[in-house]
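Asks: Hey, can you work out the whole structure from these sequences and the hints?
Under the working numbering, the first residue of the sequence shown carries the number 1, and numbering increases by one thereafter.
A couple of the hints might just be wrong.
Stated by the list, open to error - Cross-link-like lysine to aspartate or glutamate pairs, in silico, EDC-like; alpha carbons within 16 Å at most:
1. LYS68 - ASP84
2. LYS77 - ASP8
3. LYS10 - GLU44
Simulated from the structure, these hints should not be mistaken for lab results.
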Amino acid sequence: MAEEVRVDPKSWFSAERTFVAWMHLSLIAAGASLALMAVGQTSENRAAGLLLMVPAIFLASWGAFTYKQRCTALSMKSTNALMDPVGPAIAVCLITVVSLSNSYLGIRNYLLANR
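Replies: Following this line, the structure appears as structure tokens:
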């Protein structure tokens, strides 16, 4: 059962700050993705840029979802949506996979060029 809490105005600002932080990370990932796609000289670089767009879209979507969930919980004076153990873990996994893929493509390209 949800525990009723007193909602302080700081709680609303905290939810908004968290949303802005998620959007900030999303914009950094999207900017890096677009830079790789636009300036990438090989198809591997452009593929890595395209792969990086997946975490960028996830970060923006999860930030909006979390913000909506927290605002709803605050409106209902509940503490249900204040913890988020899932989003950061998925974001780290996605960015790790993209980084490892980019490293693999770069090393493979280097080894093929220096045969």
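Asks: Of the numbered hints stated previously, which ones are contradicted by the structure, given in increasing order?
Replies: Violated hint (a single one): 3; every other hint is consistent with the structure.
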